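Engineer: Spelled out, the chains give:
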Amino acid sequence: MEFKDYYKILGVQPEADEKEIKAAYRKLARKYHPDVNADAEAESKFKEVAEAYKVLKDAEKRAEYDQLRQFRDARGGFQPPPGWQSAGAASGGGQEADFSDFFESLFGGGFSRRCGPRPGRDLEMELPLFLEDTVADTRKPISVHGRTLNVTIPAGTADNERIRLKGKGEPGAQGAPAGDLYLRVRLVPHPVFDLDGHDLLVTVPVAPWEAALGGKLQVPTLTGRISLTLPAGSQTGRRLRVKGKGLAGKKTQGDLYAIIKIVMPDRISDQDRELWRALAEQSDFDPRADWAGGDGPRHDKESGK
Amino acid sequence: MNTLTLTEVCRRVSLPEHAVIEIVEVGIVTPVAGIPVAGSAHTWCFDDQTLIVLSRAARLHEDLALDWHGVALALELLEEIDTLRRENEQLRQRLNRFLD
Chain A
372 MEFKDYYKIL GVQPEADEKE IKAAYRKLAR KYHPDVNADA EAESKFKEVA EAYKVLKDAE
432 KRAEYDQLRQ FRDARGGFQP PPGWQSAGAA SGGGQEADFS DFFESLFGGG FSRRCGPRPG
492 RDLEMELPLF LEDTVADTRK PISVHGRTLN VTIPAGTADN ERIRLKGKGE PGAQGAPAGD
552 LYLRVRLVPH PVFDLDGHDL LVTVPVAPWE AALGGKLQVP TLTGRISLTL PAGSQTGRRL
612 RVKGKGLAGK KTQGDLYAII KIVMPDRISD QDRELWRALA EQSDFDPRAD WAGGDGPRHD
672 KESGK
Chain B
686 MNTLTLTEVC RRVSLPEHAV IEIVEVGIVT PVAGIPVAGS AHTWCFDDQT LIVLSRAARL
746 HEDLALDWHG VALALELLEE IDTLRRENEQ LRQRLNRFLD
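Respectively, the protein sequence lines represent chains A and B. Every position in the first sequence, counted from 1, becomes a number in the working numbering once 371 is added. Every position in the second sequence, counted from 1, becomes a number in the working numbering once 685 is added.
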């Protein structure tokens, strides 16, 4: 069995007093508490820290632990001495699932005495969903503690929403009712669409001449392509609204916004270059006219010609 | 939507009544029915989604030794961080579509 160095886990010296131990625990707990830190490793780190504090804050347990530290072997392994029995441990108690085997072998049962059946805890987990999954009622298999549940995701489920599955949380002990499972919906980033509340945004690349002359655009939606009219003289960033093609909400239906992005061709042929040059010579458009009062850009333009 | 009485809520989250009353008083959760004034706690009804917030509040109170006002502040700030983080991700993604 691996020896747990509780002092090292809390980052304190074996001589540390109660106050130091408490301060070290509080600091680590704030950092790794699973309700504060969503990182996958944070929870196991917090359990380790909580276990260390549970032993070291209690003078009696700490004295026992200090005595047992002598039985560590050089490779970090450990066997409790024959006949070891913690003064604080009660016989016949159940195991506390959150503590390590090391802890259980030393103090097992002492902390887990409870009266009567204990209901299971409520669990919360994140449920990543594709935008496409929210268009209609969707069934999704979800794996919870080795079980697979088929969950119906109602149409219009929104980001951050919680779905409650009654009795699907932690099982209760000795026939007590199970806890509930709460799924917190996380809409995953989409390769094409962005989200703004219930509105969907799609960035539509257009050629400069399309932006200048206008025309018809084929634009993707979550349920297929639609045709849009691009008005002549459209700027980058122009938003074309398609009513009701956003995400479904419980009360309202979002809209789809096609956002225009003018893009240049990767390559320009000699012929194209001549056409651009002809346009440059003919046009009196100055995109930096607003800067005319300042000396920087105006100066650049003059000296550049 | 299921609703729960104060007694049911206390049993489900293993908190004493006075703690749940205090949690309501600092505004961490709000009963969906029954006016939250002093002495009226037994007419309160809670939305079942409240349970997950109460359990979270209880863990922070216990594990980080925060009083209920501290828990309320921590929960508000955590929620705000989460919202801002997600908003930031979404805006970054939108920005990248123009920079690519």
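Since the hints were made in silico from the structure, they are not lab data. Be a bit skeptical, because a hint or two may be false.
What the hints assert, rightly or not - Sample of chain A residues facing chain B (criterion: CB under 10 Å; computed from the structure):
hint: 1; residue: D406
hint: 2; residue: R555
hint: 3; residue: A619
Unchecked claim - Just the calculated beta-carbon pair ranges, DEER-fashion:
hint: 4; chain 1: A; residue 1: T523; chain 2: B; residue 2: A750; range: 17 to 23 Å
hint: 5; chain 1: A; residue 1: V634; chain 2: B; residue 2: S699; range: 57 to 63 Å
hint: 6; chain 1: A; residue 1: Q441; chain 2: B; residue 2: L763; range: 25 to 31 Å
hint: 7; chain 1: A; residue 1: R596; chain 2: B; residue 2: L776; range: 55 to 61 Å
hint: 8; chain 1: B; residue 1: T692; chain 2: A; residue 2: E503; range: 26 to 32 Å
hint: 9; chain 1: B; residue 1: T690; chain 2: A; residue 2: R596; range: 38 to 44 Å
hint: 10; chain 1: B; residue 1: S699; chain 2: A; residue 2: M372; range: 28 to 34 Å
hint: 11; chain 1: A; residue 1: D388; chain 2: B; residue 2: D785; range: 55 to 61 Å
hint: 12; chain 1: B; residue 1: A750; chain 2: A; residue 2: P525; range: 37 to 43 Å
hint: 13; chain 1: A; residue 1: S598; chain 2: B; residue 2: D767; range: 25 to 31 Å
hint: 14; chain 1: B; residue 1: R771; chain 2: A; residue 2: L520; range: 52 to 58 Å
Just so we're clear, the structure is a prediction, and the values are computed from it rather than from any experiment. Ideal placement from N, C-alpha and C gives every residue a C-beta, glycine not left out.
Engineer: List in ascending order the numbers of the hints, as given earlier, that are violated by the structure.
Structural biologist: When the structure is compared with the hints, numbers 3, 4, 6, 7, 8, 9, 13, 14 turn out to be violated.
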